[in-house]
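Colleague: Chains as they are written, first to last, in my numbering: chain R, 1 to 423; chain E, 1001 to 1363.
Hints listed in this document are in silico derivations from the structure and should not be mistaken for laboratory results.
On a predicted model such as this, the values are computed, not experimentally measured, just so you know.
Be a bit skeptical, because a hint or two may be false.
Computed spacing ranges between beta-carbons, pair by pair [claimed, not checked]: (1) 339(R) <-> 1337(E): 34 to 44 Å; (2) 298(R) <-> 1302(E): 37 to 47 Å; (3) 1302(E) <-> 211(R): 46 to 56 Å; (4) 1300(E) <-> 215(R): 24 to 34 Å; (5) 211(R) <-> 1275(E): 50 to 60 Å; (6) 215(R) <-> 1309(E): 47 to 57 Å.
Calculated pairs, DSSO-like style, for lysine-lysine (alpha carbon to alpha carbon, straight line, at most 27 Å) [stated by the list, open to error]: (7) 30(R) <-> 1155(E); (8) 1029(E) <-> 1071(E); (9) 1029(E) <-> 302(R); (10) 141(R) <-> 158(R); (11) 302(R) <-> 158(R); (12) 158(R) <-> 332(R); (13) 1263(E) <-> 1155(E); (14) 340(R) <-> 328(R); (15) 291(R) <-> 1286(E); (16) 291(R) <-> 1029(E); (17) 1263(E) <-> 1286(E); (18) 328(R) <-> 344(R); (19) 302(R) <-> 30(R); (20) 332(R) <-> 344(R); (21) 302(R) <-> 1263(E); (22) 316(R) <-> 1263(E); (23) 302(R) <-> 291(R); (24) 291(R) <-> 316(R).
From the derived model, a few chain E residues whose C-beta atoms are all more than 12 Å from chain R [said to hold, decoys possible]: (25) 1283; (26) 1293; (27) 1316; (28) 1332.
Positions of the beta carbon are idealized from the N, C-alpha and C atoms, including for glycine.
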Amino acid sequence: MATEDARYRQTSQYELWSFSPTQLADMREKTNAAARARIAERLSSLPALSNNTSTPASSVNTPDPDGASAPALPEFLTAAEEAQLVTFFTSELLRAGDHAEMTDEIKATAAAFFRRFYVTNSIMTYPPQEMLIVALFFGCKAEGSFVSISDFVKTFGKDNPEEVLAGEFLLCQGLRFAIDVKHPFRALRGALMELAALPDVDRARLGAAETRAREILRFSPLITDAYFHYTPSQIMLAALSLADRGLAERLITETFHHVTPPPDSGADTPSASGTDAPSSKKPTARSGEDKAQIIGCHLRDKVLGTIEACRDMLAKELPERREHWTNKAVIKAQITPLRKKLNKCRDPERWNLVELQRARRQQAAKKADSEDGDPDDRGEAGNSLQSDAAVFGDPLTASARDTKRRKVLSNGKGLDDPFGGPL
Amino acid sequence: MSRKPSSGLPAISSEDMCPVCKTIRYLNKDMEFLINPECYHSMCSNCVNRLFNDGPNQCPYAGCHRTLRRKGFRSAFFGDLSVEREVDIRRRVAAVFNQAEDDFETLRDYNNYLQMVEDLTFDLVSGSDAARRAAEATLQQWEAEHRADIERNRKAGREADEQSRRRLAAEREAARQRRVEALREAEEEKRERARSREAELDSLAKGEVVSAGGPAGGAQQRVQLKRRGQAAVNAAAASAAGTGAAAAAADVGRLSIRGLKEKKAPAPEGPYDPFGGMDFVPSRYKLHDGLSHPAIDKYKADPGHITGGYNFDDYTARALYEAFAGLAVFVEDEKEVGIGLSAGEVATISAGMIAVGDKMELD
């Protein structure tokens, strides 16, 4: 196994945030179903509000299981619609990043955070417009550029830093605390260095290819699922191949140059490939089979196939599509109906991040108090439950909370996985 | 060392009277009975003080000729002195045969060992005279031969065995003595040589016949050589006697325990590797000179970057690593076939298998 690949397999990006397409679709479906169930439960337990908000027109498609007495449920977003909205808001995030004049890495990290967060959380549960600001703020921190929160908030025309800070821990949880995102930007530089070292490559051609590839990397992989399905070097090569196909293929053929020696002469001439420098004596001492596994032709074809697939994915969202996502007609036709739908089916408890954060803090403080322990704190705890109910609009009872906690504890996956189960 | 308990141990039940001085408790309220593990004959503390204050003395019991010391006396823990004796013996045997179960290859071996130890203990406690002597010899031999093992076992959590510690100290003392002796001998020899040399010079100065001096010097030399040789012979004889004694002891009753694990020293640990054996040598690319990029070239002359010690090679190394890292990591395949499949994955895989099965049926 190649040492570089072994090192990449150690990253949290590979361990926690790389999925096959079927897995990703499966997770999105699950998230969607869970959010539907939870929101339906909460909406139906809202006695006063639901009568006002749930319009009968929106609930035509959903059969009402409880009969006429229960309030009608709105129509929920499907997983595909959610994905489309996430993509739209990712483009919004990138625009916001441009507006705040952030570096490419910060924007890319923020976009990756945002998309990762909405894999295990439904867009109906947490408000995407707030979360994208939170992702940008946290992306700044993750990339080592520490802006003050008040300045940051001013950039986006808000005045309450609380709105951003409220979602920060939530975002971290959603990311399973894996906050290092591997990007293809520096990889592109490395690839160009390697190409520039080849004797017969035109510098001007390289410069043009790099500009274009970087342009692609700034947008296309961020707005698609490329970060979930491919490694940074594959994404980089795909972008390079979109910019200049010849260069990308040249780099791959140069890398995977090992030719399996014919079996009869193999024993006599171990370095049959001929391109081995004398400095690589040790690698040649290894068996030819081992070498074929690292830089063999077979592998080259597979890598080419993977890069081709990635290229197809990126080609769907070339940088020219930036206009598409800001085009008023497109937004009106595709996004606005979805957002209207979203407004109706969002989670009443979780939508306001500031309130949610405050309620959680109160709950934690009360819990600490009651655990500290005078017996006459019981009444206090009861009060806190009531205030929770006021915030959430959901009559939480102590037993309900206990069962919930027990469910969390008995959920085996949550205990086995060091980063916790999906939220 | 061999203990030869008198057959009829007196029970302390008749303890109101000291069997030696016939004092009764009525006269001395604080009367305390002491025993000596040499023979387990009890007597009152007054008698012990009276008889043994002036050094070792014979046991006052009729027919018991053991020499007792005051130091050995202690009050019995158990009322029944035969129990006291058995406990003492068991303690002593346990201090010598202190292998733990971990030291054996199989449980059966360990059980055999325990059986052997118990037989030996039984012989010591209540065997016939011959059996007791044989057991005693075995015990001593084992103790002598496996001192290191026993010591280690004891250190590994056994109770302190004061006796062997004392013996070790004595050995150390003997070794020290030997060293001092050797030093002294060397000194002596040196002095002797100097003296003979002086004598030779003196004889030369006196103008004695040279031909007479030669043999005289030679004789002295020979004497010295002889003395030195004598020392060597003595040493050899002593060691031979030692081994001979050991061999003789070995012949008495060679004891070997079966199934003991080979004591292996743990393999020496290499230096700590913080990366857990990860290899940092690139396998798909080579870092060679002349790697450059226009974007970093302009900084290479910038004092702001150079002065701080920024290393541009690090940047190129990192950029190249990122360009090639994970190139042959195929996320889709690896995540689908990886360990820890979730239900959904299993479903897709089984669906795939069904599809394959269908295809095979079609074929």
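Colleague: Compare the structure with each hint and give your call.
Modeller: Checked hints:
For the hinted restraint 34 to 44 Å between residue 339(R) and residue 1337(E), the CB-CB distance of approximately 40 Å keeps it satisfied. Distance hint for residue 298(R) and residue 1302(E): a CB-CB separation of about 45 Å, consistent with the stated range 37 to 47 Å. Our hint of 46 to 56 Å for residue 1302(E) and residue 211(R) is violated, since their Cβ atoms are close to 23 Å apart. Checked against the hint of 24 to 34 Å, the C-beta distance between residue 1300(E) and residue 215(R) comes to roughly 26 Å, which is consistent with it.
Between residue 211(R) and residue 1275(E) the beta carbon distance is about 37 Å. The supplied range of 50 to 60 Å is therefore violated. At roughly 34 Å, the beta-carbon separation of residue 215(R) and residue 1309(E) lies outside the given 47 to 57 Å, and the hint is violated. For the suggested pair residue 30(R) and residue 1155(E), the alpha carbons sit about 60 Å apart, so the restraint of at most 27 Å is broken. Our distance criterion of 27 Å between C-alpha atoms is met by residue 1029(E) and residue 1071(E), whose separation comes to about 24 Å.
A distance of roughly 101 Å separates the Cα atoms of residue 1029(E) and residue 302(R); the hinted pair therefore is violated under the 27 Å criterion. As the CA atoms of residue 141(R) and residue 158(R) are separated by approximately 19 Å, the hinted pair is consistent with the 27 Å bound. Restraint check for residue 302(R) and residue 158(R): the C-alpha separation of about 49 Å exceeds 27 Å, so the hint is violated. For the suggested pair residue 158(R) and residue 332(R), the alpha carbons sit about 26 Å apart, so the restraint of at most 27 Å is met.
Of the pairs offered as hints, the one joining residue 1263(E) and residue 1155(E) holds, with about 15 Å between alpha carbons and a cut-off of 27 Å not exceeded. With a C-alpha separation of about 16 Å, the suggested pair residue 340(R) and residue 328(R) falls inside the 27 Å cut-off, and the hint holds. Between residue 291(R) and residue 1286(E) the CA atoms are separated by roughly 15 Å; this keeps the pair inside 27 Å, and the hint holds. Distance check on the hinted pair: residue 291(R) and residue 1029(E) sit about 95 Å apart at the alpha-carbon level, beyond 27 Å; violated.
For the hint pairing residue 1263(E) with residue 1286(E), the CA-to-CA distance comes to about 48 Å; that exceeds 27 Å, so the pair is violated. For the suggested pair residue 328(R) and residue 344(R), the alpha carbons sit about 22 Å apart, so the restraint of at most 27 Å is met. Taking the CA atoms of residue 302(R) and residue 30(R), the gap is about 31 Å. The hint is violated against a cut of 27 Å. As the CA atoms of residue 332(R) and residue 344(R) are separated by approximately 18 Å, the hinted pair is consistent with the 27 Å bound.
The straight-line distance between the Cα atoms of residue 302(R) and residue 1263(E) is roughly 52 Å, outside the 27 Å bound, and the hint therefore fails. A distance of roughly 68 Å separates the Cα atoms of residue 316(R) and residue 1263(E); the hinted pair therefore is violated under the 27 Å criterion. In summary, the hint linking residue 302(R) to residue 291(R) is supported, as the alpha carbons are separated by about 16 Å, within the 27 Å threshold. At most 27 Å may separate the alpha-carbon atoms for a hinted pair to count; residue 291(R) and residue 316(R) exceed this at roughly 36 Å.
Interface exclusion of residue 1283(E) from chain R breaks down, the closest Cβ pair being 5 Å apart, not more than 12 Å. Consistency note on residue 1293(E): stated as away from chain R, yet its beta-carbon is not over 12 Å from all of that chain's, at 5 Å minimum. Its closest Cβ contact with chain R, about 6 Å, brings residue 1316(E) to no more than 12 Å, contrary to its assignment away from the interface. Residue placement check: residue 1332(E) does not keep its beta carbon more than 12 Å from all beta carbons of chain R (closest about 4 Å).
Of the numbered hints given earlier, the model fails hints 3, 5, 6, 7, 9, 11, 16, 17, 19, 21, 22, 24, 25, 26, 27 and 28; all others are met.
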